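Undergrad: So the chains spell out like this:
Number of protein chains: 2
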Amino acid sequence: MESIKIFELSKEYLESLRDAIESQDNNFIKESLDGANEADVALLLDELNMEEALYVLRLLDSEVAADILIELDEDSLLKVVREMEASELALYIDQMDSDDGVDILNLFSVREREDIISYLQEKEKSAHILDLLRYDEDSAGGLMAKEFIKANQNWNVIQTIEEIRRQAEKVEKIYSIYVVDNKQHLLGRVSLKKIILASSDTKIADIYDPELISVPTHMDEEEVAEIMRKYDLESIPVVNAKNKLVGRITVDDILDVIREQSDEDIQAMTGISSDVEESDSIFKISKARLPWLLIGVIGGLLGSQIIDIFEEGLQKYVTLAAFIPLVAATGGNVGIQSSSLVVQTLASKSVFDDTPWQRFIKGFLIALLNGLVLGFFVFLVVVFIMGNEKIFGLTIGFSMFCVVLMASFMGTVTPLILDKFGINPAIASGPFITTANDLFGLAIYFGIAMWLLNL
Amino acid sequence: MESIKIFELSKEYLESLRDAIESQDNNFIKESLDGANEADVALLLDELNMEEALYVLRLLDSEVAADILIELDEDSLLKVVREMEASELALYIDQMDSDDGVDILNLFSVREREDIISYLQEKEKSAHILDLLRYDEDSAGGLMAKEFIKANQNWNVIQTIEEIRRQAEKVEKIYSIYVVDNKQHLLGRVSLKKIILASSDTKIADIYDPELISVPTHMDEEEVAEIMRKYDLESIPVVNAKNKLVGRITVDDILDVIREQSDEDIQAMTGISSDVEESDSIFKISKARLPWLLIGVIGGLLGSQIIDIFEEGLQKYVTLAAFIPLVAATGGNVGIQSSSLVVQTLASKSVFDDTPWQRFIKGFLIALLNGLVLGFFVFLVVVFIMGNEKIFGLTIGFSMFCVVLMASFMGTVTPLILDKFGINPAIASGPFITTANDLFGLAIYFGIAMWLLNL
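First to last, the protein sequences are chains A and B. Just so we're aligned, residue 7 is where the first sequence starts under the working numbering, counting upward by one. Just so we're aligned, residue 7 is where the second sequence starts under the working numbering, counting upward by one.
Next up, chain A with everything else stripped away, as it sits in the complex (with noise of 0.2 Å):
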C-alpha cells in the first residue's frame, strides 16, 4: 500500500513522459509506468498525440497494453487501432475478455474485421468474439462477455473448484458461478462464498439458489442497466431464447451505460447534436452546436414572419413588443419542465406509471394551476405597478395563462410521442421545444392581443 501509483497522474508527469518518447528514452517510460493503473496511463494516452501513444504501447508487456487500450476515450482509442497492423491488434485482442475485443472490433468493417479475427491465436476466443458480433452493440448480446464460470448442478463442489482453477486465468472477477443442466439451460447460481463455505463433495443441486434474475440477448442495454440497479445486481446472466446460458455482464460495463445514457439526455435537451467533448477541436465542437443553433435561428426568423402578420396592431400599440420576450420564455421554461419529468419517469418505465391519458390530465391540472398563478401576478404587476390600463394587462395576463397550458400540453405530449417512434424523449427538452413554444406562444399572444385591445 505505501505507493499505489508509482507516477502521480500530473500534466508535470505528461511532460516528462512527452520528452522521454522524443528522446527514445526507453527505460524511463517503462519504469515510471510500471505498475500504474490501467485506467491511469489510459488517460495519460488520451492526451497524447497518435505517433506517442502507439510509441508507449509498443514499449509495454502486451497484456497491459490490451488493458489499456480498453480504457482509452473513443477518439483516441480510434486513431491508435486505425494504425496498427491486423496482426498486432489481433495479439492484443487475443489478451481482452471477448466483450472488449467486441468491442474494438467494431469500429472497422467486415472484412477488416475477417482480417483480424484470423490471426487470433486462441481458437476459443475467436469463436466467442464470432459470436458476440451477431449481437446489437446496444443490447445485452452486444454488451456481454464469454468469460465466467459455469457449472453443471450435477458437479460436487471439488469439481466446481477444479473448474475455477481451469478458468481463474481468463476471469478475472468471478462474482457468482451459474448452475447449468446437461442442455446448458440456466437453472440458478452460487456465490463463491458458498463454495467456501461447503464440504467438498457437496453436489452443487443441494446448494444452488434457484433465484435468479437473467436477462434476454436481446434486451436494451438501458434496460439491462436498470434491472441490476433496481435489484442490487453486480452480474447478470444472459440467455438465449432456449433459456441457454450464453454470456455475463458485469456492473462495470453497466456504470458506463448508464454515465453514457446520462451523458447523451443532456446533450439531446441542451441541443449539441454529436458526442463531444469540451477537449474536442474547436471545429468538431462548433460543428455539433451548430445544427440546433440553425434550427433555433431559422424558429426565431419563422417568429418574425408571424410578428409581421401582427404588424398593424403592433404599430397602434406599440408597448406589445415589451412583453414579447416574456411570453417567450415563459412557454419555453413552463415546455422544459414538463418534458424533463416526462422524460424522467420514462427512463425508468414501470408497470404502475399512468396511463398517456392520466399524464395528460394532470399536466393539464398543474398547468392550470400554475398558469392562474402567473397570469394573475403578471397583470397585477402589469397593472398596478407598471401602471398600465386594465385591458392591457388582461391581454398580458391571459396570454400567460394560455402560453402555459399551451407549453405545457407540448412537453408533455412531445416526449410520448417521440418514445413512442423510439426517439430518445430528451430531445422533447431541448430547442426543439423552445423553438415550437415560441412559435405557438407568440400566435397566441398576439391573436389574443387584437383580440382583446380591438386592433
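Hints in this document: simulated from the structure, not taken from any laboratory. Each hint should be verified, as a subset may be incorrect.
The list treats identical chains as one, so a pair stands whether inside a single copy or across any two.
As the list claims (entries may be wrong) - Calculated lysine to any residue pairs in the SDA-like style (CA-CA distance at most 20 Å, straight line):
#1 K290 <-> F370
#2 K17 <-> S354
#3 K17 <-> S356
#4 K293 <-> F383
#5 K368 <-> E284
#6 K17 <-> Q364
#7 K355 <-> K426
#8 K199 <-> V177
#9 K322 <-> Q311
#10 K200 <-> E168
Bear in mind the structure is a predicted one, so any value in this text is a computation, not a measurement.
Take the given structure of chain A and dock chain B to it, following the hints.
TA: Below, chain B alone, put in the same frame as chain A:
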C-alpha cells in the same frame, strides 16, 4: 428457475392485494408474496397508502420486511417508518446492514434516533450505527457499511475461511477480503478466488494484492462514484485519516448515487427546484416548478422595461419588434449549449482539464465561428429573402453575432463560478442563464439598432 416470481408485477395483482388487505385475507398476501424479490414488493408498497403498506409489512417475516423497507422510495419509507413505534423499527434495523440502518435513522431527529437505537438487540450493530451516524450523509463515510470481511496478514487461508464462516450471516456479498496489520491499517486485498485456489496453510501475507485503491471517509460520494466507475471496482475500502480500515462501499450504492446525481442535474437544468417525481401530487409538482417560472417571469417583465427604454426608436422602426424572439432564442440556446459542455467536464474533473483561461479562449473561438456563420446567414435571409434594407439586415446580423459571443461567455463563466462556490453548476444550464441572456441580448440588440439605424 421455473418461476422466479410467484406474482407478476401488474396493476391486476395490485388490485387483488388491495382487496386482500381490506378483507384481511392474510393467507393470500403471505402466499402470493412468498419468494418475491424485495425490490418488486417495494414497488408494490410504493403504490399503497401508509396503512395498507404497514399491514403488509407486519405480516411478513421481519428479515424480509427489513429488506423491503430499504427498497421503498423515500416518500413511502418516510410515511411508513414515522408510523412505527421505536421498538418495532429497531427490530427491522437489527436485520439491516449498518449503512441501510443509518439511512433510515437519518430520517429522524437526534432524540428520536437515540430512542430507536436503545431498542437495538445486536450490540455490535448499534456500535456500528453510532459510528456511522458521525459522518456526513453525502460522504464516503455516510455511504459505507461496517459489514465486510477483513483478514490479518498473519492469518493463513484456514483462519480466513473461519472468519468468512463466522461473518457469513452478516456479510451477504463478499467481493474482496481486505487485509490489515495488527493495528488495522489497510494493507491490500485478496479475492475469494485466490482463497479458494490457495492451499489451506498459505499465509495471507504471501497472496494478498497490495495494489488497492481506497478512499478517505470525508470524500464526496460523487467523487467515490467516479473513482469506482473509472477503475471498474465493485467495492472499495474506506479508511480514516490514519489509514485504518473503517468501512466498505459497494457498487449497488454507487449506482444509486449516479442515478440521483443525473436526476439532480437534469432537474437543475430544467428548473425544477426540489426533488419531485411524476407520481407526486399536483400541488407538490406545481410548487416545485413555480419558483423558477417566477424568476423567468420577473426576467421577462424586466425585459419589457428594457424595451420600454427604446420605445421611441421602436415607434419609428416597428419591424425591430419582429426580431426580438430571434435574438432571445439564440441567446438562450447558445448559453445552454456552452454551459452544458462545461458542466459535463466539471462532473469528471481531470488534471488534464483546460484552465479557466484556456476554456475561455476556446469558448470565445467557437462562439466567433458560430456567431459569424449565424450572423451572416441571418443577414442574407433578412435582406435577400425577406427583402429588408441592407442596413437593417446588418443590424440583425451583427446583433446575432454579438449575442452569440455574449451568451457563450455567460454560459462558460457561470458554471465555473457556481462550481467555485460549491453550488451545483448544472443550475447554470437552466432558467437562470436563459433569463440573464434574454436581458443582455435585448440590451445588445436595441443598443446596436439605435446606433446603426440612427434612431
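Undergrad: How would you label the pair K293, F383 (within, between, both, or neither) given a Cα cut-off of 20 Å?
TA: Answer is between: at 15 Å across copies they meet the 20 Å cutoff, but 42 Å inside does not.
Undergrad: At most 20 Å between CA atoms: does that hold for K200 and E168 within a copy, between copies, both, or neither?
TA: Classified as both; 15 Å inside a copy, 13 Å across copies.
Undergrad: Reference check for the pair K322 and Q311, CA-CA at most 20 Å: within, between, both, or neither?
TA: Intra 18 Å, inter 19 Å, cutoff 20 Å: intra and inter.
Undergrad: Within, between, both or neither: how does the pair K17, Q364 come out at a Cα-Cα threshold of 20 Å?
TA: between (55 Å within a copy, 15 Å between copies)
Undergrad: Reference check for the pair K17 and S354, CA-CA at most 20 Å: within, between, both, or neither?
TA: between (41 Å within a copy, 17 Å between copies)
Undergrad: Classify it for me, K290 with F370: is the Cα-Cα distance of at most 20 Å met within a copy, between copies, both or neither?
TA: Between copies only: 14 Å across chains, 41 Å inside a chain, cut-off 20 Å.
Undergrad: Is it within, between, both, or neither for K199 and V177, if the alpha carbons may be no more than 20 Å apart?
TA: Cα proximity of K199 and V177: in one copy and across copies (17 Å, 10 Å).
Undergrad: I want to check one pair: K368 and E284. Are their C-alpha atoms no more than 20 Å apart within a copy, between two copies, both, or neither?
TA: Classified as between: cross-chain Cα gap 9 Å, same-chain 39 Å, threshold 20 Å.
Undergrad: As a check of your reading, is K355 near K426 (CA-CA no more than 20 Å) within one copy, between copies, both or neither?
TA: Within one copy, since 13 Å is at most 20 Å while 36 Å is not.
Undergrad: Is it within a copy, between copies, both, or neither that the alpha carbon of K17 lies no farther than 20 Å from that of S356?
TA: between (47 Å within a copy, 10 Å between copies)
Consistency note: the structure conflicts with none of the earlier hints.
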